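Work the whole structure out from these sequences, hints included.
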Amino acid sequence: MIKTQQLVKNFVSYKKKPGIMGSIESLWKREAVTKNAVERFDLEIPSGQIVGLLGPNGAGKTTLMKMFTGIIVPSSGEVEVLGHKPFDRDKDFRRKIALVMGQKSQLWWDIPAMDSLHLIKAYYEISDADFKERVELMAELLNVEELLHIHVRRLSLGERMKLELMASLLHKPEILFLDEPTIGLDLIAQDAIRDFIKSYHAKYKPTVILTSHYMQDVQALCSRLVLIMGGKKSFDGPIGEFERLLGSDKIVSFNFSSEPSRDFFNAFQPKWSDNGLQVEIAISKEELCPFCAKVLEQFEVSDFQTEKLPIERIMKELMMRPELLNDR
Amino acid sequence: MIANLNKWFQTMQISWTTLMAYRLNFALLVLGPALVFYFVKVSLWQTLYIDDTTVLQGFNLKEMLHYQSWSLVIVLLAQSSNGVNLSEDIRLGRISKYMVYPFNFWEFHTASFLSFQSLQFFIAGICLALLLFLDVLIIENLNYFFIGVLYSLLVGLFWFSVQYFTGLMAFWLDETWTMRAVFQIIVNFLSGAVIPLPFFPEWAQKVLVYTPFPSLTYTPIRIFMGDLSGLYQGLLTLFISMLFMIVINTLVWKKGVRLFSAAGM
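First to last, the sequence lines map onto chains Y and Z. Numbered according to the working numbering, the first sequence terminates at residue 335, and the numbering increases by one at each position without gaps. Numbered according to the working numbering, the second sequence terminates at residue 567, and the numbering increases by one at each position without gaps.
Possibly wrong hints are sitting among the right ones.
As the list claims (entries may be wrong) - Below, simulated DMTMM-like cross-link-like pairs (lysine to aspartate or glutamate); rule was C-alpha separation at most 20 Å, straight line:
| # | chain 1 | residue 1 | chain 2 | residue 2 |
| --- | --- | --- | --- | --- |
| 1 | Y | K98 | Z | E409 |
| 2 | Y | K111 | Z | D391 |
| 3 | Z | K399 | Y | E181 |
| 4 | Y | K23 | Z | D476 |
| 5 | Y | K205 | Y | E132 |
| 6 | Y | K111 | Y | E166 |
| 7 | Z | K399 | Y | E132 |
| 8 | Y | K22 | Z | D476 |
| 9 | Y | K179 | Y | E147 |
| 10 | Y | K36 | Z | D476 |
| 11 | Y | K179 | Y | D135 |
| 12 | Y | K22 | Z | E477 |
| 13 | Z | K399 | Y | D99 |
| 14 | Z | K556 | Y | D137 |
| 15 | Z | K399 | Y | D97 |
| 16 | Y | K278 | Y | E266 |
| 17 | Y | K179 | Y | D137 |
| 18 | Y | K210 | Y | E143 |
| 19 | Y | K23 | Z | E477 |
| 20 | Y | K111 | Z | E390 |
| 21 | Y | K92 | Y | E181 |
| 22 | Z | K399 | Y | E250 |
Worth flagging that the hints you see were computed from the coordinates, not collected in a lab. Treat the numbers as computed from the prediction; the structure is a model and nothing was measured.
Have a look at this one:
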């Protein structure tokens, strides 16, 4: 479905010294700077998977997406999507894919979304019956029936994003590229988008490639993660394996009504709050239940919780200390 | 084939809807520069002619005003502002959506040009009717008039191919409007839109015959004014020039799109 071999993308930009003299100098002398956005990237994604591309800003996620969709040309290496070379951009290939960019609108800004949908219907040669059925189904799922006839520029970001998704799925793509689809959305809108993608995937089984800085998106949708750091692939595997990337310990936090004895927790790398009423510990899966029972028995616990999003902590640690990946 | 035509038609419809969403802006965009340019030229020539009996290079004042009024009609019929959107699509990265949709960038912009042109045709019609009503213009021969209109629409296509080229320059340049403005000024001058070609020195007239410039304004004005002698040469020049622009635009697109980095998206 998607296959890359030794894929490389370099960007060349030019340095300019500040001020008017710098501008004059740049007329005849410019220093070129080459940035390796993607380096010797190998990847294979079979059909039907939801894969999360993770990495810090500038890691190369979006560059990869752009190469997969044929928007930019690789500097070297091979990329094949659905048996096509994306950069040839033949119309047959374009009919099979869809791209949603959270930061860029695909819909026409000055007209109601329904007009854009009609245009997309014509571009993808969708029959009247299919169009009607898909619009009704998706509008209901996304709860946007009332928004279809409002000018896109008048919609909120969340509303617009729902319609963007709808527009991109109208032709039933075999691969859906989602580049930060929930960026800037409130929690309710994020949930709605996630639920929609999940139910759409369950029904039609397209391959989904997702980039997001929100780990809730990744946790809720992806079965496989690919981590990109500095343009290189640093991890590729199931989400469960990623969660155990820096050890399999669980993170548990306790809140106490009165200050407990700190010695009791010393074996589990405790992190105490300033007032000493809250502690966070790292504990193995096996020890988790007996230890929690002991704590509940011995101290006045007002609340306790296990970590909900281990991948968020792991991402944070890897972004701060990328060398941890070398130690694996 | 029908599905393909439908794509073009739907794109034109979207373009119409978008243009109509900003009606005043559209009218000002089409009429503003053309009318200002027209009134400047009319005032200039009225100053140069001492009285109604003065004849300069075969033109009396009335003929000169006819010449300038036909020039206005040609501008309204032929010069669209589509190139601005085109370069902004590239500069702001909106081009990405055309790369993903199964309808090419050039197809989208050509369809948009056709819809812009059709609305502009309507505005040109109103202006022409007004000029005829005010007796500023007369139609010498109805057949020549229709030939002139068709010829001007062809000039419009040539202008579009040029605007497409300047728009594609956005792959290399952050701003393309200066390039467009300079080109427009040069063409306006050399095509006879400001000064009729007989006013040019003889050597310049001989040189200009071998360029596409006279075919853009001077030839259609002559057709409207009842002289078909330059028609075939004008048509040939336009076809060759358009063919040349199509080849250049294809090459520039291929080169530019390879450089496109879609930065910041």
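(request) Provide an ascending list of the numbers of those earlier hints which the structure does not satisfy. (result) 5, 14, 22
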